[in-house]
Amino acid sequence: MSADRAPRIVLAEDSVLLRDGLVGLLTRFGYEVVAAVGDADALLAAVAEHTPDVVVTDVRMPPGFQDEGLHAAVKLREERPGLPVLVLSQYVQRAYAAELLDSGDGTGVGYLLKDRVGQVEEFVDALREVAAGGTVVDPEVVRQLLRRRRDPLARLTPREREVLALMAEGKSNGAIAKALVVSEAAVGKHIGSILTKLDLPPADDTHRRVLAVLAYLRS
Amino acid sequence: MTVWQALGGRGYLRSAWPWRAGAFLVSGALFGAVVLVGIVAGVAVGAATAVVLVGLPLLVLTALAGIPVAAVERWRVRTARVGDVPAGAHRVPDAPGLARWLVVRLKEPETWWELAYAVLLALVLWPLDALVVTFAAGVPLFLLATPLLVAVDGEAKVVKLWTVDTWPAATGAALAGGVLLLVGAYVLGVAAGARAEVVKALLGARGQDSARVAELVRSRVRLVDAFEAERRRIERDLHDGAQQRLVALTMRLGLARLDVPPGPLADQLATAHGEAEKALAELRELIHGIHPKVLADYGLEAAVADAADRSAIPVDVHLDLPGRLPRPVESAAYFVVCEALANVGRHSGASRAVVSGGHDEERLTLEIRDDGRGGADIGGGTGLTGLADRVSVLDGRLFLSSPPGGPTLLRVEIPCRPTEPRA
Numbered sequence: 047m048s049a050d051r052a053p054r055i056v057l058a059e060d061s062v063l064l065r066d067g068l069v070g071l072l073t074r075f076g077y078e079v080v081a082a083v084g085d086a087d088a089l090l091a092a093v094a095e096h097t098p099d100v101v102v103t104d105v106r107m108p109p110g111f112q113d114e115g116l117h118a119a120v121k122l123r124e125e126r127p128g129l130p131v132l133v134l135s136q137y138v139q140r141a142y143a144a145e146l147l148d149s150g151d152g153t154g155v156g157y158l159l160k161d162r163v164g165q166v167e168e169f170v171d172a173l174r175e176v177a178a179g180g181t182v183v184d185p186e187v188v189r190q191l192l193r194r195r196r197d198p199l200a201r202l203t204p205r206e207r208e209v210l211a212l213m214a215e216g217k218s219n220g221a222i223a224k225a226l227v228v229s230e231a232a233v234g235k236h237i238g239s240i241l242t243k244l245d246l247p248p249a250d251d252t253h254r255r256v257l258a259v260l261a262y263l264r265s
Numbered sequence: 126m127t128v129w130q131a132l133g134g135r136g137y138l139r140s141a142w143p144w145r146a147g148a149f150l151v152s153g154a155l156f157g158a159v160v161l162v163g164i165v166a167g168v169a170v171g172a173a174t175a176v177v178l179v180g181l182p183l184l185v186l187t188a189l190a191g192i193p194v195a196a197v198e199r200w201r202v203r204t205a206r207v208g209d210v211p212a213g214a215h216r217v218p219d220a221p222g223l224a225r226w227l228v229v230r231l232k233e234p235e236t237w238w239e240l241a242y243a244v245l246l247a248l249v250l251w252p253l254d255a256l257v258v259t260f261a262a263g264v265p266l267f268l269l270a271t272p273l274l275v276a277v278d279g280e281a282k283v284v285k286l287w288t289v290d291t292w293p294a295a296t297g298a299a300l301a302g303g304v305l306l307l308v309g310a311y312v313l314g315v316a317a318g319a320r321a322e323v324v325k326a327l328l329g330a331r332g333q334d335s336a337r338v339a340e341l342v343r344s345r346v347r348l349v350d351a352f353e354a355e356r357r358r359i360e361r362d363l364h365d366g367a368q369q370r371l372v373a374l375t376m377r378l379g380l381a382r383l384d385v386p387p388g389p390l391a392d393q394l395a396t397a398h399g400e401a402e403k404a405l406a407e408l409r410e411l412i413h414g415i416h417p418k419v420l421a422d423y424g425l426e427a428a429v430a431d432a433a434d435r436s437a438i439p440v441d442v443h444l445d446l447p448g449r450l451p452r453p454v455e456s457a458a459y460f461v462v463c464e465a466l467a468n469v470g471r472h473s474g475a476s477r478a479v480v481s482g483g484h485d486e487e488r489l490t491l492e493i494r495d496d497g498r499g500g501a502d503i504g505g506g507t508g509l510t511g512l513a514d515r516v517s518v519l520d521g522r523l524f525l526s527s528p529p530g531g532p533t534l535l536r537v538e539i540p541c542r543p544t545e546p547r548a
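Protein chains in written order, with our numbering: chain A, 47 to 265; chain B, 126 to 548.
Just so you know, these hints were derived from the structure itself, not from any lab.
We put the beta carbon where it would ideally sit given N, CA and C, even for glycine.
Keep in mind that a hint or two might mislead.
[Claimed, not checked] Derived pair list, reagent style DSBU-like, types lysine-lysine, alpha-carbon separation capped at 35 Å: (1) B:Lys325 <-> A:Lys121; (2) A:Lys235 <-> A:Lys224; (3) B:Lys403 <-> A:Lys224; (4) A:Lys224 <-> A:Lys243; (5) B:Lys325 <-> B:Lys232.
[Said to hold, decoys possible] Stretch-level coverage of chain B by chain A, calculated; a stretch enters the list once three of its residues show a Cβ under 8 Å from a Cβ in chain A: (6) 444-451; (7) 517-530.
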């Protein structure tokens, strides 16, 4: 995507009310919604036609109202490596997150609870992060994962756990520092300590770091 | 109309009833004789060769002879319309295969009542049938034919006792035969009706009960299916309706907040926004409790893992399934796990729980154990009673072991086969 034109988005959402709302929101924040469709097949067709910069899709869509949107997203990522896809779901599930993150190389992908669109600015930040090749996972998924792996995580201090959760959401060191009201250097120290305690290789690249954490949590 | 009503009504003699009654008794006599030969042969040959084990299957086969005999007898009663006998109510084996069929048949009382009837038919009923037919129809017909016999042979022996050789005597015998034939027609009707009552008494009443039980079982299954379908419908309606609207609402409120300068109105909007988000979160939990999507999309393993994630205490999951199971089984098993984990969290004081299980060829087995203080009771106001009902509809079983002091072990077994093997 180039800076001098609006990022082009293909949006798939079967609820007309929500689709119109999302188009309004995205337009307001400078995106160009080139196609807004209501089912997974139309999504695949629209992506083929418009080759957008980002795809935003719902999970549950006609005809089966199962997880059509998720499968379409996985398919798109396999067919078009590097196409950023943000998946919105009525509720988040580890299993869905795993399927999505395993597709492609795990970069330029986001999985958010649909509720998050209410926090308009955070939602747009997440979309930007995904469009820029980052990985964004809903805090709810992270919470599920953290709850699951209690024992090894018990070694982390409460502050380190906070940092880990924010890391897994794809936040940069600066963003984490801002959220926790500490210095970036302190965040860097926490991260080093977390990666050591979890036996993860140190990494600079934000999304690689997220992936490492998620891979560890999922294993 | 039953044979009893026909006997009391006018025009019985001109109707088909005496003929049907006669045919019923004659066929009964013939069939009974055949059954006698069959049973005697089966028992004799079977017993004689039982020593060398060849005879044992034959004896088993003879024990099962009541099944076809009863079927023929019910058919005879229905076809002759002399009585009302409901169809047999043998259970349908829960698995294919001859061995399973044999076990089910030998275990159910129906089989043994039918054998008892077959023995009674072979020893008592068919000679009675023959006797009635002989005296009610055979003798009168012979008497009617006396004049003919006298004309041909010059004499006729009635019932081997009374020799008729004169025309007046022959005429008298024929007249008597005519009268006796009319009486005999009624005797045939009464005998056939009584005989049908015997069939009904031995092969009917319990059959009717088990037929009713079978229908009750089926209707219970239908009810549970309807319940399940209703849950899915409610989940879908909430998802498509209220949830989407609430998401749209929070989004509009979020957008509105961007446009409002700081002040009282912005604060009000922020509160409203927060309330809407809370409502949305609660609705999401509610929908998840009604029918979790992960169960529909990914099956029991993922759904149980999800339930474990949500549990208040640490839960280890060791569940290995060959693939997807029938939806009602997945659903029942999932809700058992949820309820068990909820009870662990609420009452047991346990510090951890383990959900383990798997599927062998025939059944799904799941165990939920905790290290709590025990003393749980399946009828003690927990949601387990309803779940036990739900499991039993699927022919499954729920066991609870929870001695005071613990630990508590809940085990559920449901017979089923995978619907889709794992890809």
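Satisfaction of hint between Lys243 of chain A and Lys224 of chain A, Cα-Cα up to 35 Å: Roughly 24 Å separates the two Cα atoms, so the pair holds.
When you check the alpha-carbon spacing of Lys325 of chain B and Lys232 of chain B, does it fall within 35 Å? holds (22 Å)
Hinted pair Lys403 of chain B and Lys224 of chain A, Cα distance within 35 Å: Judged against 35 Å, a Cα distance of about 25 Å means the pair holds.
Count residues of the stretch 444-451 of chain B with a Cβ under 8 Å from any Cβ of chain A, then say if the count reaches three. violated (count 0)
Can you confirm whether the C-alpha distance between Lys235 of chain A and Lys224 of chain A stays at or below 35 Å? holds (15 Å)
Distance restraint between Lys325 of chain B and Lys121 of chain A, which requires alpha-carbon spacing of 35 Å or less: violated (66 Å)
Residue count check for the stretch 517-530 of chain B against chain A: does it reach three with CB-CB under 8 Å? violated (count 0)
Hints 1, 6, 7 from the earlier list are contradicted by this structure; the remaining hints agree with it.
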